[in-house]
Amino acid sequence: MSWFGSSATETGITHRDRLWLYLLSGLLLAFLVLPTLLVIPMSFSASRFLEFPPQHISLHWYEHYLGSITWQQATETSLEVSVLTSLVATTVGTAAAYGLSASRMRLAQLAGVILLLPIIVPVILTAIGIFYIFVKIKLLDSIGGLVLADSTLAVPIVFMVITAALRGHDPRQEMAARNLGATRFGAFIRVTLPQIRFAVVTAAVLSFLTAFDEVVIALFISGGDHPTLTRIMFNALRNQIDPTIAAVSTLMMFVSTVLMACAFIGGRERK
Amino acid sequence: MKALAAEGPNATELGRDARSERWMLFGLSLPALLLVGLVVVLPIAWLFLLSFQTEGGAFTLANYQRLIDQPSYRRILAMTFEISLTVTAMCIVLGYALAYLLAQLPRRVAGVLMLGVLMPFWTSILVRTYAWLVLLQRDGLINVIGEHLGFWQKPLALVYNMEGTVVGLVHIMLPFMVLPLYNSMRAIDRDYVRGAANLGAGPIQVFWHVYLPLSRPGLFAGGTITFILCLGSYVTPAVLGGGKIVMAANGIAGDVELYFSWGPASAFGVVLLVITLTILFTASRFARLDRIFGGGA
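Sequence order for the protein chains is X and D.
Under this note's numbering, the first sequence has 336 at position 260, and the numbering climbs by one with no breaks.
Under this note's numbering, the second sequence has 408 at position 145, and the numbering climbs by one with no breaks.
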């Protein structure tokens, strides 16, 4: 009982006094984590209905997913769009973060605020706005249109991650490299980039996930031959809920967790 | 660069070089600015114009007049605010408690538990909404456990209503609250707390007069981002609200999808945007914008 009676804070509150805080925090962590994990056992259920815990284990819903052309095509579309978005957003966002950090103009601050707009403006407005514009320029239901929209949503995230990484970076290192004969671009690639590579990988993963998980814009501008996985899932959630969604959810969680773990391990290795 | 350009015989030339270099560097942000311009600024500008036009293209305020006259729009706006305020208040109370404890744990332990807080960040919002649908439905896990333990006799209606929507939103918003709070609590110098206690302040006084004010930046950033994200939420009310809960974004989408009435939809959109920007602008006078959004990055 000695630990319970010992003081937990500088103000003499004992651990026993704030047992409620430990309990509440434990419950909150469970609240944050458990519901999502629940999807995994559900996906192995043999039943047509949503039941937990599942009575019989089966891979039925995975088979259903793999056998469905709709789900397969949507997965392909989502993966393709996410990879392309990651490439575009990371390149464009890193260039912007680097340029604006180094240029030290007042205009750069304004540009920085403009680059945050995609996450400030409620997504529904962007969605209906580009829906109208994409109809006019014939980008509706196309991979290109999705990449364009998702890249824009990811730009603020890349920009913030890279800007934060560059804050701890000494620009004089690049000047030294250039004095020794490197071009500006060469100096960036060989001196600065290796030092911020963890941030670049994180930005690439986050922008991939931004596109992979995007729902609202996809509802408006994806369809026809190229609906995204999220669009199919959203409609399934609203109409007939069958455990195929649990199987798809489990696979989606697997993809994101592996990617985040890669970024995390990459960051560890750097130290 | 500035120091080099300021003196010496080539001052003008060096100054010109430095200026052109600054512009060149600024130019690196043009592709990103172009994307934002094309995908966000241009569509919003167009929505703005549309909200002041009749179907024939003449200037009108009728779309805004309709927002005031039709009770359905007022109901949607009221519901949006009610839900957003409820969710933000719950996130503040719950998030503060969790962040408070996490900030006092050893960094290693806190780091592991933080993964739990961050996990929702990398799981799709659809996956999480689906999970809640399963948990909260009539014969879902919560109802089964509740009836089994005798808390209630008949299945409770936990989803396809306001309660389900609020639970789903709190689940999504809580990490946005905890993260900035945790960061700002970690930065608090425990010596202040110790000093106040040594000078005779009781636990409540220390918390109220010392700890709470020092954690205010995080509270402020978390509260702002949570509220703004709630105002614009679409997926959670659409799925967990089961058609009964219509928040602003659902109302706007419905106008466009079901009725093709772009005029009222765009006017409502402009109102939503103005509310969001006003809150952000007010908040940015107390905290920096990148701090408000940087919590999650």
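Hints in this document: simulated from the structure, not taken from any laboratory.
Nothing here was measured: the structure is a model prediction, and the numbers come from that model.
We put the beta carbon where it would ideally sit given N, CA and C, even for glycine.
Please note that a few of the clues may not be correct.
Unchecked claim - Restraint ranges, calculated between C-beta atoms of paired labels, are given here:
#1 Asp454/D with Trp96/X: 25 to 31 Å
#2 Glu426/D with Thr146/X: 28 to 34 Å
#3 Leu95/X with Thr541/D: 30 to 36 Å
#4 Gly506/D with Ser218/X: 45 to 51 Å
Outcome of the hint check:
Checking the proposed 25 to 31 Å range against aspartate 454/D and tryptophan 96/X shows it holds: the Cβ atoms sit about 27 Å from each other. At about 33 Å, the beta-carbon gap between glutamate 426/D and threonine 146/X stays in the expected band of 28 to 34 Å. The supplied range of 30 to 36 Å is broken by leucine 95/X and threonine 541/D, whose beta-carbon atoms lie about 43 Å from each other. Checked against the given bound of 45 to 51 Å, the beta carbons of glycine 506/D and serine 218/X, roughly 31 Å apart, lie outside it.
Going through the hint list in order, the structure does not satisfy hints 3 and 4.
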